Amino acid sequence: MKGFIEDFGAEAGDALDRFARNGVSRRDFLKFCTGVALFLGLPGEMGARIAEAAAAAKRPPVLWLSAQECTGCTETLLRASHPTLEKLILELISLEYHETLLVGSGKQAEEWREKSMKENRGKYILVVDGSIPVKENGIYCKIGGKTALALLEEMGTQAAAVIAIGSCASWGGVPSADPNPTGATPVHEIFKSKGIKVPVVNIPGCPPNPYNFLSTVLYYLTFKKLPELDDQARPKFAYGRIIHDNCERRPHFDAGRFALQFGDDGHRKGYCLYKLGCKGPETHANCPIQLFNDVGSGAWPVGTGHPCFGCTEKGVGFTKPLHSPAVVKDLTPPSLFTEVYPGKEGVSPGVKSLATGVAGVAIGAAGAALISGLGKKGDDKEDKGE
Amino acid sequence: MGMNRRDFLRTAAAGSGALLASGVSPAFASMPKELPTGAVGILYDATLCIGCKSCMVNCKKYNSEPGGALYLQGRTASYEVKPGAPFWDSAEDLSSRTVNVIKVNKSGTGLNKDSTDNGFSFIKQHCLHCITPACASVCPVGALKKNPVNGVVHYIENRCIGCRYCMMACPFNIPKYEYESATPQVRKCQLCYHRYDEGKYSACCEFCPTGASIFGKVLDLRKEASRRLTLKPGDEYDFPVQTVDSKQKSRRKVSKYIEHVYGLKEAGGTQYLLLAGVPFEWLGFNRNIKDQFLPDLTWAYIAKIPAVIAGVILAGTATWAVTRKRNKDKEG
Amino acid sequence: MNQKDIKLFTPTTVVLLIVMAVGGLAAFYRLFFGLGASTHLNNAWPWGLWISFDVLGGVALAAGGFVIGGAVYILNWKKYEPIVRPAILNAFFGYALAATSITLDIGVPWRIWHPVIMWQVNSIMFIVAIHVVLYTTTLATESSPLILERLNMKKAVNFVEKIMPAIALFGVLLSLLHQSSLGAVFLIAPEKVSPLWYSSTLPYLFLVSAVLLALSMVSFETILSARVFRHKPPLDILRGLARGSLVVSGLYLLLKLKDLVTGPGVGLAFNGSLVSNMYLLEMIVGIILPFCLLLLKNVRTGVNGIFAVNMLVIIGTVLNRMNVGIVSMAEHNSRMGYDYFPSWMEFSVTMAMIAFAILGFKISVKYLNVLKLEH
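Here the protein sequences line up with chains A, B and C, keeping their order.
Everything in the first sequence is counted per the working numbering, starting at 3 for the first residue and increasing by one.
Everything in the second sequence is counted per the working numbering, starting at 347 for the first residue and increasing by one.
Everything in the third sequence is counted per the working numbering, starting at 464 for the first residue and increasing by one.
These are calculated hints, taken from the structure and not from any lab test.
Just so you know, these numbers come straight off a predicted model, no measurement behind them.
Here are some, though not all, of the chain A residues that point toward chain C, as calculated from beta-carbon distances under 10 Å:
1. 343
2. 364
3. 365
4. 368
Derived BS3-like pairs: lysine-lysine, alpha-carbon spacing no greater than 25 Å straight-line:
5. 674/B to 625/C
6. 676/B to 542/C
7. 322/A to 599/B
All residues carry an ideal CB built from backbone N, CA and C; glycine is no exception.
Given only the sequences and the hints, what does the whole structure look like? Please build it.
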């Protein structure tokens with residue numbers, strides 16, 4: 003953490019120099035940025051542009067507000083990658099305020115927050131983790147004597163953009179589970195009710211994959227705009243498909259092979275977990291392709307043998323019973339199914355040619371009969387013989 | 347012709363006796379029109395179906411056992427492809443190797459489940475086990491029979507001559523033929539009746555993860571089906587899984603149904619009932635299938651045969667006698 | 464020209480023999496390797512060329528046997544006695560070939576005898592099977608004098624001739640049932656057969672058209688053999704048959720029109736689709752043209768006119784059987800995603816059947832007293 007603390011609030015300098023100081027060569031840095039570009043689904047050359055943006059002299063300020071949360075989102079971010087890269091990420095931005103990572107505390111920290119907000123008014127990115135309690139004016143979560151609700155309103159109105167990280171901030175998460183005693187509310191809903199027009203990006207997940215967050219941030223840094231979002235304000239590059247689409251157990255689903263109980267034969271063989279309540283078929287996330295903790299294949303819930311519980315999907319995680327079967331979404335027929343009407347209206351070519359051939363023979367023969375029989379004038383000799 | 351009337355009558359009677367004796371009496375021949383007392387069947391709810399094809403896989407697996415619809419002497423498992431065989435069995439349609447198939451119909455973008463408008467719906471095709479099966483009525487040798495107790499329409503291999511009239515007659519195009527074989531058989535769903543003795547039931551229902559296919563007594567299935575039609579879309583309902591009286595339930599929201607239980611009246615009623623969120627015509631069911639007992643259509647013809655035999659013999663003999671006399675008179 | 468003068472080994476005969484050889488090989492191939500290997504039949508097209516042409520068409524072409532047999536032996540219209548033998552022999556060939564085709568077409572030919580002992584009287588197919596067996600036997604008995612005469616078995620000939628009216632009546636009975644039951648076969652599939660052909664009167668239509676075809680076929684053969692043997696065609700017989708054709712084709716036309724009007728409506732026949740056009744073609748060639756031509760006196764009294772009408776009726780009725788057997792179900796089966804065009808083996812077996820019938824009839828004429836020519 004030493005380097006991190008040193009850099010915290012440091013003057014803006016030549017970023018590449020600082021990288022070099024921290025043992026990161028220019029080559030490594032470019033490699034990393036190209037990797038990020040590829041992850042975002044951008045052309046490889048974009049890596050250079052990302053590097054340019056990331057190494058820009060003035061790092062964009064970021065303020066991080068934690069409300070009703072478990073710090074899982076921060077933890078996941080800290081485990082984002084190999085140590086050197088972790089530092090890199092944090093050096094791309096200027097993290098002005100983060101309750102967990104802050105060196106200072108109490109009054110000192112709050113003063114810094116206010117100072118930074120004033121200096122960077124309308125330019126900083128606000129990251130929120132945790133849901134905001136609204137019941138009884140939000141008294142269930144206070145920081146420095148202010149409710150999280152008031153803080154969000156204050157910090158949100160002055161931000162350039164808001165990233166709601168984690169399921170809690172995105173759609174309510176654990177605190178909002180029935181009966182929701184604190185009135186836990188996601189960020190975008192509070193913005194809606196307060197009429198705050200600042201754009202909100204949701205990065206749901208419990209915890210979310212850190213790369214979904216980092217990529218969004220880097221995208222913003224590079225293009226000065228937010229990535230393409232779906233109807234729930236989730237970046238499409240990460241939440242565009244359901245887990246079911248990319249799940250390594252999908253062939254078992256397609257073949258109808260299901261684990262019926264934890265530890266049974268099918269479970270041991272890695273069969274589909276649908277019958278155990280896997281919510282993969284109705285949950286949008288890139289877990290099966292991005293995986294967690296950079297340790298290789300299988301490092302995600304379904305990979306370890308547990309059904310997906312749908313944390314990234316509003317109305318699924320913490321809402322539906324863990325082991326009730328999912329409603330399958332976004333099946334894309336008919337790639338794997340025969341259509342009930344494989345044929346078209348009318349007659350297939352084979353029968354058509356058969357019928358046409360028969361008709362041709364019939365017309366020809368009938369024509370020949372008519373011409374030979376009726377074409378002759380008068381009757382032939384047999385008739386005269388009578 | 348040196349034949350007197352007595353000779354003629356005697357010969358005619360002897361010749362046609364065999365035909366008359368075939369006893370084309372309605373009592374002997376009539377097809378059952380009532381649901382058998384212990385009739386079992388399947389209720390398929392297309393709104394619950396997720397298209398996982400588990401039913402297809404397990405259908406093949408359990409019907410490849412002795413007594414199953416796909417069983418073949420010397421082949422223990424038709425669903426298992428021999429090593430090195432150059433194909434992967436992804437059945438597209440009912441065939442001699444597939445007696446149960448999941449198909450889809452979709453329109454436009456195909457995004458909305460159970461909707462005809464930019465939507466799709468699954469459908470499970472297999473034998474409907476008609477109460478009065480056309481296939482059994484047209485089989486010249488009685489190789490297809492309806493079990494009088496559980497109503498399963500099943501196949502007796504060593505009777506079949508392979509005329510394929512059952513395939514012509516079936517309004518749902520269910521019986522399929524082993525064209526690829528030189529000793530072919532007809533293949534169709536037999537509701538896994540070979541598993542009843544061991545207390546099991548249709549594999550497609552046993553392995554359906556969502557309860558889209560449930561097995562049970564037809565009367566119970568009819569009740570369950572009409573109950574589902576009374577539910578309000580959006581309400582939650584405990585859908586039974588595997589069997590209609592199962593303790594295992596799957597709670598989920600009720601989709602919008604078409605007000606129609608397919609199989610109550612179609613072709614005189616079937617033991618396979620279907621519910622769906624889209625019209626059944628859209629799911630591949632022939633709109634020309636009427637609510638009538640198909641065997642009645644041919645029986646109307648067959649029932650006239652004794653009268654025709656008697657009438658032709660009488661009228662023919664009379665004509666012969668009259669015209670013969672007139673000819674003789676002319677000559678005389 | 465005398466029957467002994469018929470040359471057996473003409474180029475035509477050689478061609479027929481080659482056709483038969485190819486068809487025979489195809490039939491053997493089918494027996495050893497199955498239907499899938501030899502035909503293009505499939506799960507939506509269980510019946511194809513063999514059933515539609517060989518069986519439905521062949522049996523209809525053989526109707527002459529019972530019509531003329533009935534006229535001569537039951538109605539005692541002795542005028543037609545000269546043509547009764549060829550008619551019955553022709554019927555025997557027709558039925559034998561239909562039976563052969565059925566044997567090849569059913570999947571398990573060695574169980575062909577099953578219907579005889581495993582009765583299932585609900586089945587039209589059972590009725591058909593029993594009739595084929597009984598009627599082939601009947602026809603064999605009716606034709607037996609031909610052989611018996613050749614073998615100089617006078618007693619046996621006399622016995623058969625004596626009971627001939629009863630056999631003929633039995634034949635008429637069986638044929639009435641059999642011709643109509645071939646139509647009744649399709650009654651079970653109202654949802655597949657196009658309404659242009661489907662009707663509850665299908666059995667009657669098959670019967671009436673078979674009678675019409677019988678008259679034309681017998682007349683056709685009479686004219687043909689007269690030309691081969693270069694003798695005068697029996698004009699009064701031909702005119703009688705033509706008068707009969709006029710009446711029957713009128714009745715058939717009425718029945719067909721009634722079905723069209725009360726069934727699907729006239730509009731369906733004129734919607735321009737392939738199926739409707741096939742229906743129109745069948746109606747024009749097989750029914751309307753023959754009927755209208757026969758109304759003209761100089762057509763129905765002249766040999767050439769009668770011959771032309773006979774051709775039209777034969778073409779039209781065979782077309783009708785092909786239509787009922789294949790075209791009527793084309794739209795339904797195409798919608799199911801299946802197609803059918805007969806394989807070359809199906810064609811060659813059918814061709815061999817026709818060749819066998821022609822050659823067999825020729826050989827019979829040469830060696831047996833088919834045409835009851837003066838010795």
